[in-house]
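K.L.:
Going down the list, the sequences are from chains S and A. For the first sequence, the working numbering assigns the number 1 to the initial residue and increments by one for each residue that follows. For the second sequence, the working numbering assigns the number 1001 to the initial residue and increments by one for each residue that follows.
Worth flagging that the hints you see were computed from the coordinates, not collected in a lab. There could be a bad hint or two in this list.
What the hints assert, rightly or not - Straight-line distance between alpha carbons at most 27 Å, and here's what the computed DSSO-like set of lysine-lysine pairs gives:
| id | chain 1 | residue 1 | chain 2 | residue 2 |
| --- | --- | --- | --- | --- |
| 1 | A | 1236 | A | 1246 |
| 2 | S | 372 | S | 348 |
| 3 | A | 1162 | A | 1257 |
| 4 | A | 1016 | A | 1045 |
| 5 | S | 178 | S | 4 |
| 6 | S | 241 | A | 1016 |
| 7 | S | 240 | A | 1016 |
| 8 | A | 1223 | A | 1162 |
| 9 | A | 1144 | A | 1223 |
| 10 | A | 1236 | A | 1223 |
| 11 | A | 1274 | S | 4 |
| 12 | A | 1015 | S | 241 |
| 13 | A | 1016 | A | 1003 |
| 14 | S | 240 | A | 1015 |
| 15 | A | 1045 | A | 1003 |
What the hints assert, rightly or not - Computed Cβ-Cβ distance ranges for the label pairs, DEER-style:
| id | chain 1 | residue 1 | chain 2 | residue 2 | range |
| --- | --- | --- | --- | --- | --- |
| 16 | A | 1023 | S | 314 | 50 to 56 Å |
| 17 | S | 30 | A | 1254 | 40 to 46 Å |
| 18 | A | 1005 | S | 252 | 43 to 49 Å |
| 19 | S | 206 | A | 1156 | 48 to 54 Å |
| 20 | A | 1265 | S | 220 | 17 to 23 Å |
| 21 | S | 4 | A | 1166 | 44 to 50 Å |
| 22 | S | 259 | A | 1150 | 52 to 58 Å |
| 23 | S | 259 | A | 1018 | 39 to 45 Å |
| 24 | S | 30 | A | 1152 | 42 to 48 Å |
Here the structure is a predicted model, which is why all the values come from computation and not from measurement. By construction, the Cβ of each residue, glycine as well, lies at the ideal position given by its N, Cα and C atoms.
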Amino acid sequence: MEAKLLMGNEAVAEGALAGGVNFFAGYPITPSNEIGEIMSRRLPGAGGKFIQMEDEIASMGCIIGASISGCKTMTATSGPGFSLMQENLGFAAMTEVPCVVVNVMRGGPSTGMPTLPSQGDIQQARWGTHGDHPIIALCPSTVREVFDLTITSLNFAEQYRTPVVLLMDEVIGHLREKVVLPQVESIEIANRTQPTCPPEWYRPFEDNKSGVPLMASFGDGYRYHITGLTHDEMGFPTTKKDEVTALNHRLHRKIRQAFEDIMLYETFLMEDATAVIVAYGCVMRSAKSAALELRQQGKKVGLIKLTTLWPFPRIALENMPEQVQEIFVPEMNMGQIYREVTRVNQGKLRVRKITKVDGELITPDEIIRGIKREGADSAKRY
Amino acid sequence: MQKDIDVYQYLRHEKKFPLIWCAGCGNGIVLGSMLRAVDSLKISKDRVAMVSGIGCSGRTSTYVDFNTLHTTHGRALSFATGLKFARPELTTLVVMGDGDGLSIGGNHFIHAARRNIDLTAFIYNNNIYGMTGGQVSPTTPGGKIASTAPMGNIENNFDTIKVAEACGATFVARGTTYDADALDEIIAIGIQHKGFSVIEVLTPCPTIYGRYNRLGSAVDMLKSQLDDTIPLEQAKNMSAEELQGKTLTGIFVNEDKREFCEEYEKLVQRAQKK
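Please build the complete structure, drawing on both the sequences and the hints.
P.N.:
Here it is as structure tokens:
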């Protein structure tokens, strides 16, 4: 395949089309607009469906409705729109409807800084919708990875019947890089498992070994009920304690027991590291440069790149080499993944955060100064 | 239309009865009309999808043996838009209440009508939020009592028909639970209409709205539907004075206009020719 100059947001659209998306609903918002625009151009020719909805609440409802009729669906948005989607995102988690939500994170809170990057929605992706729901969120650091993780997000959504959030920061969304995309034939695509039994035998939310029920599409002859109310195996509302508990436990179990498949992370220079940087998204790029630079200066620094953010990939931190003494968490928020790192670390090692929330990315130099405790200009070490 | 149909075959009788609706509630009458209309059109149950919102009306989808989706409050039309757009061959009925469809779901209502997507949208209008205990709704008439308007509603109320018409709905009708025969016909025509159909059904809530406003028994409330409404045809020959305080029923709008799913299909063909 030839090399292409691609923007992160363009790579989302390319990944979506390669990954089988045939239904996209969205509402305009900076800095995610290119994704919807490309989908509106490309989907009709590919026989897919595009619709611009009246708001993000409707976009989310629309892709859920389409997914229930058998489409592979996606929407894309940014902070304020992601807030509006939370209600129906919870509906998708509860009713186990596969769908992918791309959130190109911009400066917040509120309308914040529409054109500037942040990583401020990490905890929102986990806990933004009410109730004790499971969720999967992935975070790319390069344009090629945007393409790959878009497909992975779609696959996870289908395999585990869950909404998946692809968390990009504006830097990655608008970054242009030379990318060689994989051959279409080499791309692995997962689809939901549909029932093959006679309709009268179908139990739409029945448990099985994987915890992921078989999913029939509306219109295929399996007439059944879907509700956001707590439901029994047939999909009907229930308040019976045993049925309620079984549903809540299964929703978590289906994600938890697949953690080896879902928890994606990479490590660099970890063998002899005494200090480790934990980073994700665009900050990972600066962190990598910082680690290499610090090694030249004689400090043994390693790097853990988090790709899956939710469920939090705790095994990445649990398998730390013995000689590691310190962990640094640079991020473009006030310490959202730092919270998780300290939680998993349980006081064993010193964990320090290097945060920056001024609308600019964290530079390698700022991470180096943070690690050397020289203080930084705007990147603050606590 | 055949009146003595085998309703049983359309209900999830093994699982979900009795209904949660109060004695005297009009919602069951609307459901009956809906089933008679579907039956008269000979649409297979596999080809019918029902999407409902939240509230008393929202529970309708639980009881019927179609492809049924009980969504979030006010959002039924957005889910239904995705469902219908993905599978235009499904006859899609959307069931909402007055608060559900016109207050929290107002934006979706406006735009589904503007888009003219082929959905049949029902507004069960009981003039109040019944399920949550009787709060004031966008169709509670001025002066009426509600649990959040204990001294009378000081706001103006929506006329569903005018809202739907102004937003571009291409079929707009109003029926009552008193005249179920007329309602059967209206629903059958609405389902067959290609485009966004709005059917408002006046359905009494004797338990809450009726008690707050001392409107008498369920039977009294049904009878007052007869007294307070006038069919459109009859109204044509009546003076403005005679029509004072009356609510009109019948089919207000029934026109052809380009429909969203069909237009999209044309767009796909254009895109694929290129």
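K.L.:
Hints first: check each against the structure and report whether it holds.
P.N.:
To see whether the hints hold, each was checked on the structure:
{"no.": "1", "hint": "A:1236 with A:1246", "verdict": "13 Å, holds"}
{"no.": "2", "hint": "S:372 with S:348", "verdict": "21 Å, holds"}
{"no.": "3", "hint": "A:1162 with A:1257", "verdict": "18 Å, holds"}
{"no.": "4", "hint": "A:1016 with A:1045", "verdict": "18 Å, holds"}
{"no.": "5", "hint": "S:178 with S:4", "verdict": "6 Å, holds"}
{"no.": "6", "hint": "S:241 with A:1016", "verdict": "18 Å, holds"}
{"no.": "7", "hint": "S:240 with A:1016", "verdict": "14 Å, holds"}
{"no.": "8", "hint": "A:1223 with A:1162", "verdict": "25 Å, holds"}
{"no.": "9", "hint": "A:1144 with A:1223", "verdict": "19 Å, holds"}
{"no.": "10", "hint": "A:1236 with A:1223", "verdict": "23 Å, holds"}
{"no.": "11", "hint": "A:1274 with S:4", "verdict": "23 Å, holds"}
{"no.": "12", "hint": "A:1015 with S:241", "verdict": "18 Å, holds"}
{"no.": "13", "hint": "A:1016 with A:1003", "verdict": "24 Å, holds"}
{"no.": "14", "hint": "S:240 with A:1015", "verdict": "14 Å, holds"}
{"no.": "15", "hint": "A:1045 with A:1003", "verdict": "19 Å, holds"}
{"no.": "16", "hint": "A:1023 with S:314: 50 to 56 Å", "verdict": "55 Å, holds"}
{"no.": "17", "hint": "S:30 with A:1254: 40 to 46 Å", "verdict": "42 Å, holds"}
{"no.": "18", "hint": "A:1005 with S:252: 43 to 49 Å", "verdict": "45 Å, holds"}
{"no.": "19", "hint": "S:206 with A:1156: 48 to 54 Å", "verdict": "50 Å, holds"}
{"no.": "20", "hint": "A:1265 with S:220: 17 to 23 Å", "verdict": "21 Å, holds"}
{"no.": "21", "hint": "S:4 with A:1166: 44 to 50 Å", "verdict": "48 Å, holds"}
{"no.": "22", "hint": "S:259 with A:1150: 52 to 58 Å", "verdict": "54 Å, holds"}
{"no.": "23", "hint": "S:259 with A:1018: 39 to 45 Å", "verdict": "44 Å, holds"}
{"no.": "24", "hint": "S:30 with A:1152: 42 to 48 Å", "verdict": "46 Å, holds"}
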